[in-house]
Amino acid sequence: MATSELISGREIVGTPSDTRSAFFKARYLGSPLMMDIEYIKHLTASHKLTEGMEVLERRATDHAYALSKMTAVIHENDLLAGNKTRFIRGAIPYVNYAADPFLKEMRKEEQDAQSKYAEQGEGGGIKNSRAEAALNGFRLVSEKFLLSAEDYGQFEEICEYWEDKCFMEQGNRLWKTQFGNAAFIENGWKIGLYSAPHEPCPEGRLILDFETALAKGYLTIIRETEEKIHSFQPENIADSEKIHFWKASITVLHGAIALVESYAAQAETLAKTEINPLRKEELLQMAEVCRHVPMESPRNFREAIQSFWFTYLLGHIEGSHLGYSPGRLDKVLYPYYKNDPDITPEKATTLFEEMFVKMTQIEYIASLSWQGLGHGNLYQNLILGGIDENGERSDNEVSLAILQAQINMQLTQPTLSVWWDEKLDTDFLMKAAECVKTGVGYPAFFNQNTYIQHELKTSGLPLEVIRKNCAIGGCTEPTLQGMSHGIVQAGFVNHGKMIDLVMNQGVDPFTGIRMAESRQPATFEDVRKYYIDIMHDAIRNWQQYWNIVMVAHRNTVPLVFCSVFVNDCLAKGKCMDDGGALLNQSITTLSSGLVNVANSLAVIKKLCYDDTVCSFEELRFAVNENWKGFEPLRKKALAVPHWGNDDNYIDNIFLDLFDEYCDWVSGQDNYLGKPYDPSMLAISTPVPFGKVCNAFPDGRMKGESLADGVTSPFPGTDMFGPTAVIRSSSKVDHTRIRGGLLNLKFHPSALKGESGSKNMLALIQTYFEKPGFHVQFNVVDSRMLLDAQLHPENYRDLVVRVAGFSAYWVEMSKALQDQVIWRTEHSL
Amino acid sequence: MNGTILTIQHYAVHDGPGIRTLVFMKGCPLRCSWCCNPESQSAQPQLRYLKFHCKACLECVEHCPTASVSASDDGMQRSFDECNICESKVCIEKCNNNAITLSGKEITADELVKAIALDIPFYRNSGGGVTFSGGEPLMQPAFLLEVLKECKTLEIHTAIETCGWAGRKSLQDIIPFTDLFLFDLKIMDPELHQIHTGMPIGPILENLAFLASQNADIIIRVPLVPGITDTLPNMESIAEIMHANGLEQICLEPYHSLGQAKYEEHGLKYSLEHLGLYNMQQINVLCDFFTLRGLICEVA
Chain A
1 MATSELISGR EIVGTPSDTR SAFFKARYLG SPLMMDIEYI KHLTASHKLT EGMEVLERRA
61 TDHAYALSKM TAVIHENDLL AGNKTRFIRG AIPYVNYAAD PFLKEMRKEE QDAQSKYAEQ
121 GEGGGIKNSR AEAALNGFRL VSEKFLLSAE DYGQFEEICE YWEDKCFMEQ GNRLWKTQFG
181 NAAFIENGWK IGLYSAPHEP CPEGRLILDF ETALAKGYLT IIRETEEKIH SFQPENIADS
241 EKIHFWKASI TVLHGAIALV ESYAAQAETL AKTEINPLRK EELLQMAEVC RHVPMESPRN
301 FREAIQSFWF TYLLGHIEGS HLGYSPGRLD KVLYPYYKND PDITPEKATT LFEEMFVKMT
361 QIEYIASLSW QGLGHGNLYQ NLILGGIDEN GERSDNEVSL AILQAQINMQ LTQPTLSVWW
421 DEKLDTDFLM KAAECVKTGV GYPAFFNQNT YIQHELKTSG LPLEVIRKNC AIGGCTEPTL
481 QGMSHGIVQA GFVNHGKMID LVMNQGVDPF TGIRMAESRQ PATFEDVRKY YIDIMHDAIR
541 NWQQYWNIVM VAHRNTVPLV FCSVFVNDCL AKGKCMDDGG ALLNQSITTL SSGLVNVANS
601 LAVIKKLCYD DTVCSFEELR FAVNENWKGF EPLRKKALAV PHWGNDDNYI DNIFLDLFDE
661 YCDWVSGQDN YLGKPYDPSM LAISTPVPFG KVCNAFPDGR MKGESLADGV TSPFPGTDMF
721 GPTAVIRSSS KVDHTRIRGG LLNLKFHPSA LKGESGSKNM LALIQTYFEK PGFHVQFNVV
781 DSRMLLDAQL HPENYRDLVV RVAGFSAYWV EMSKALQDQV IWRTEHSL
Chain B
1 MNGTILTIQH YAVHDGPGIR TLVFMKGCPL RCSWCCNPES QSAQPQLRYL KFHCKACLEC
61 VEHCPTASVS ASDDGMQRSF DECNICESKV CIEKCNNNAI TLSGKEITAD ELVKAIALDI
121 PFYRNSGGGV TFSGGEPLMQ PAFLLEVLKE CKTLEIHTAI ETCGWAGRKS LQDIIPFTDL
181 FLFDLKIMDP ELHQIHTGMP IGPILENLAF LASQNADIII RVPLVPGITD TLPNMESIAE
241 IMHANGLEQI CLEPYHSLGQ AKYEEHGLKY SLEHLGLYNM QQINVLCDFF TLRGLICEVA
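Quick mapping for you: the protein sequence lines, in order, are chains A and B.
Just so you know, the first sequence maps onto residues 1 to 828 in my numbering.
Just so you know, the second sequence maps onto residues 1 to 300 in my numbering.
In isolation and in its complexed conformation, chain A is listed as follows (with noise of 0.2 angstroms):
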């Protein structure tokens, strides 16, 4: 038994199950970032020839000419074919959507107010891309990709051609003439109000019908269609829309059906030349397997694996998407397992290494705003486990194999989660904490009834329908898969930059840009209701823009291919854009930062009206000094409640502005008709949202990051430890919202062993009785450690967990931090 240590590392370090997968993830990480402009070149050609053509047919034949034409290439050993683009890691530029932040790159202007606040990345993939431009005369495109210059000159002409005609023009041609405010929303890009425009990269969250895609195939959608469209008795002058969408659909599956068969066709082109008899038979089986799906329902358990990547990709390629998603896989590819008698578990894995190394090589190219944003991550999330449409567990042998890919692999893609409940297996279970501490970051978990009871209140669609499509489309939204409108919103609202409103009187403090009426609040109520009022305007401004810049979205890039495999699209011979989908109030409206408001306004409260500490006056001068000069009054800040403590003062402030916020989000209806989701998360935005927000009343310094997560204490304000936090976030309703995240960071010796497993698994159980949504564990390493001793102050709550032992990091000297992180590094 003697297998613990004193402070340990990584408990679990995982290793390719094969040197096929090893040299799969080897040669990624040795692969600069390319941009390909092959899609969009036969894109643009296509749509020069079809100018006058019904919207949707020209969508679709556009798409399926640039598919036709696309190159099949096949890496070598690869057994799954089918790539984004030419290249590893490779992007394609959807100017289509957005060719202005391109076109502005080229002409060396400022994409958009926020880009200087975007950070890049400079490692790995980055670092060799950067190097290779140098060394061959390649162009690096938007900090990071890279371009022949033969290939730049056409890109060039290509982003010319679309500067007029993408969604992004057409879009602001509408709102910036149309809409009575586009001034507040130009002014809330200035000063930081809203992240950066979202058009080049708009779609996401959206889940295809996987399900049924393997089970009829391509084919038998085609034939069902064309019957429709034979048997097609309009009865009104709207109805005959219906015709565009179904010839749409058709040319778009037969597009598709063209760029398979140039894999297959590849693949038997390479396995005659082929002397590696091995090699020969492997290409031979790829050709066979390309012939048959996805156009024909699955033979076996790789073929399903194969026809879902297709579908899966062609998705992909359609839409300039961030956070498109393969969710409940497990469940969609058990039937195949079962009843395939020649796969293993071990087989499973494997072919689960080699595709999660291709979603990982996916990349992509948006404005650098919105590459920051992101940080270079697709979202693309696979959930498992959970329960079926009867409220049986529906974890099994699939999701064990895809567990064990990840913690094999360790790949930033895909974004695993676990639905949990707790009929889920315990095996199961301890699989997913074994992947947890790998220090991926993945599994996360999220509580599936908390979801379910949203969509039963909000969509009144039967229980058994939503137990059975509940996934997660993104980084942490909850939605239906195969029948819901992606989540294609306009970006994130900064809550933190009101708080500077509130403080200078409706003015920016940077730009000097007034967002609203003066006021000089007399009581806290007053404070409270002027941010109420600045919120209510930045939420309704920022939805009634976003729903005319969809008018343009539907007339530039209706998604055909991803409609035909949304439920009812189909049925109702229209595409989501035309509420299609069955789901459609899944236009939420996102935001980042509400923790800092909540915290602002609990200092307000105790210190200028409770106890009079100091005037309103004093505290913003002090706010706008960034404290200096006013040390003690900014000790007395940070002494206040903050959130994550459970303390009823501060916590019931948080819950009534998330109560408002949730109130009046969706007292407005989205563009098709239903009301706006309210949802908050985080992605990257709390450090650029942070970078732009002059200090805080809580104690925040200027420029600092925003409170991470939803409900995650801002760092270093939670003072007693990760129970408490989780007792302050069970307090809010989480089935009002979708998404709702929460982030713990552990030193790996809390979680080691069984036991340790073992009590992370009732940490979350515990959460999620009260209940709560969402819940993700970092295990710290050395590396943010070593972040730890340059910013201690984001790691107030960091407790080096030693039996018996007292003692938080930040009290610890630099040379016992020294020897904590020693030990971390060295698993000892």
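In case anyone wonders, no lab produced these hints; they're calculated from the structure.
All clues stand as given, with none of them false.
Straight-line Cα separation of at most 30 angstroms, DSS-like style, residue types lysine-lysine; simulated pairs:
1) Lys-55(B) to Lys-628(A)
2) Lys-105(B) to Lys-814(A)
3) Lys-635(A) to Lys-105(B)
4) Lys-628(A) to Lys-89(B)
5) Lys-105(B) to Lys-745(A)
6) Lys-51(B) to Lys-635(A)
7) Lys-691(A) to Lys-55(B)
8) Lys-152(B) to Lys-770(A)
9) Lys-635(A) to Lys-114(B)
10) Lys-89(B) to Lys-636(A)
11) Lys-94(B) to Lys-814(A)
12) Lys-94(B) to Lys-636(A)
13) Lys-89(B) to Lys-814(A)
14) Lys-636(A) to Lys-105(B)
15) Lys-745(A) to Lys-114(B)
16) Lys-745(A) to Lys-51(B)
17) Lys-770(A) to Lys-149(B)
18) Lys-55(B) to Lys-636(A)
19) Lys-55(B) to Lys-635(A)
20) Lys-702(A) to Lys-51(B)
21) Lys-94(B) to Lys-702(A)
22) Lys-55(B) to Lys-702(A)
23) Lys-770(A) to Lys-114(B)
24) Lys-51(B) to Lys-628(A)
25) Lys-51(B) to Lys-814(A)
26) Lys-114(B) to Lys-636(A)
27) Lys-94(B) to Lys-635(A)
28) Lys-745(A) to Lys-55(B)
29) Lys-94(B) to Lys-628(A)
30) Lys-114(B) to Lys-731(A)
31) Lys-55(B) to Lys-814(A)
32) Lys-635(A) to Lys-89(B)
Starting from the known structure of chain A, arrange chain B on it as the hints suggest.
Leaving out everything else, chain B in the frame of chain A:
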């Protein structure tokens, strides 16, 4: 009733089963040279000075009513003899950088139970509970007993980590309300025990035998200190004592020097600077030693 504690640590996972709340109590009769919580030894609250937080603003020097802090080259210099931790504690209040803090605070039994009870759902789902550590919890017997009783009323699993030096009556009183004893054994040789801990071992062994005779649930904890507790004869004696008392579970706590800085911060002297640290192999060998003698051995 009031007690004096250092801190309450939530989500503690190394001192008893499941997710626990760890209460560090002030005051210990022993003075072990390897102690990693030296600030727990004195029963009184103590000032702590974190030099690396100090920005040398000297506000404390200016306001100290007893002139027991003075300016030094790079911060403040505190005279521990003259500072009697005055009522005003003005130096703490005046410090904007949290460089001066107080180790130890008074708390009522009710307040402590309330803090412990906050995490009941976590205990229930993990099989956890509360562990009283320190310091020596039995240095505050009446307070401990009251808190333990209240915890049992709330059906919370209770554990105490004890050095075994306690009055027989105090020990007897808490048995019905204590689910688990984490009982420290250090040095079996009476003379060496006296030298390294400052107290005789006799009463400790008698208390252990008494607890065992009452069928208390006991895990022996041994701090592994190079050359002091990890000698073969000492370990052999510990194994023998355990067999004699019918005990099976032992937990080794390898020496670490993480507590070292806390000595200086509290104006105390650390005497083990020369000691080396264990590596995994050495710990495994020591653990095997007990496993081979039929004991269930874990490493904390």
